[in-house]
Amino acid sequence: MALFSGHQHSIITFFSIILLVFLEGVTAATFTFINKCDYTVWPGILANPGSPKLESTGFELTKGSSRSFQAPTGWAGRFWGRTGCNFDDSGHGSCATGDCGSGEMECNGAGAIPPATLAEFTLGSGSQDFYDVSLVDGYNLPMIVEGSGGSGECATTGCLTDLNKKCPSELKIDGGAACKSACDAFGKPEYCCSGAYNSPTACKPSMYSQVFKSACPKSYSYAFDDATSTFTCSGADYAITFCPNVPSLKSSKDPAAAKATGSDPDSDPMQASALASQWLANLATGDSTEIRPFSLIQFGFAITIFLVLSFLL
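Throughout the sequence shown, residue numbering follows mature numbering (1 follows the signal peptide of the UniProt record, and there is no 0), covering -28 to -1, 1 to 285 in sequence.
For lysine-lysine, the following DSBU-like pairs were computed, each having C-alpha atoms within a straight-line distance of at most 30 Å: (1) K160 - K176; (2) K8 - K185; (3) K8 - K35.
Per label pair, the in silico range of CB-to-CB distance: (4) G73 - E162: 24 to 32 Å; (5) T200 - P161: 17 to 25 Å; (6) P161 - D198: 16 to 24 Å; (7) K176 - P140: 12 to 20 Å; (8) G81 - G46: 13 to 21 Å; (9) G81 - T2: 16 to 24 Å; (10) S166 - G65: 28 to 36 Å; (11) P161 - E78: 31 to 39 Å; (12) G159 - G75: 23 to 31 Å.
Since the hints were made in silico from the structure, they are not lab data.
Glycine residues also receive a C-beta, built at the ideal position from the N, C-alpha and C atoms.
Could you build all of it, start to finish, from the sequences and the hints given here?
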């Protein structure tokens, strides 16, 4: 005699699927984009192949505003900020830096045209999230990533320094609104870690990547800069902040406008680098081990499903 009827089996299967879907949603991350620049930024979003698209692939973020998106477990992709953009009422136009070449505000599956500061994420890979801020494709504006409500290392990372002011002349784009990587500027295998240089042992930091690394020690400066540039966290939400408002390191003048005047803490590279390192270290050792609990509604829903299944069995 069967333990339970086919009808009961169908009900159990139905509730099990609901429970799995519900719990899957609980582990999703929230990405919040925050603009602390003195100008509008147009974030771009590119999901990796096989990852679902988020609610938007490109949008306007005015000075002082923020916007959040939900991402499912397993999502992987990258974010960046576009500057100096000009879009008409129908959303058509282009940007001075970080443009994705779509001709629209939405990037529609296109990535940033270098140079651009990138934030890269892989959520829930082996129960951990992996994230980094990369200057491998160059730099266009300051950006940091901060995790909250997660467990594990959960360090804050990013680039606070205005690299546009320290950019070697051979890497500057016209007007100084962004700074190219050596790979993009020269295209040589030893800078791109390609061809015979496609390994950590063959491709070493160049003098150009070392300029990036000294200014932004927790960011990727070249392709094999993993050891000091990739970070992990479990079950966190993430804030991506453009031009973080750090009193000693303020880099909020629009790089596409080229109107920076007066004194700036970034005029002293050693001081800027030291302050950036200290600020990030302080954030990294803060409250980063808090475990995000279920809400009362989520807990009640899970208990209800459990009781129904227990009754049917």
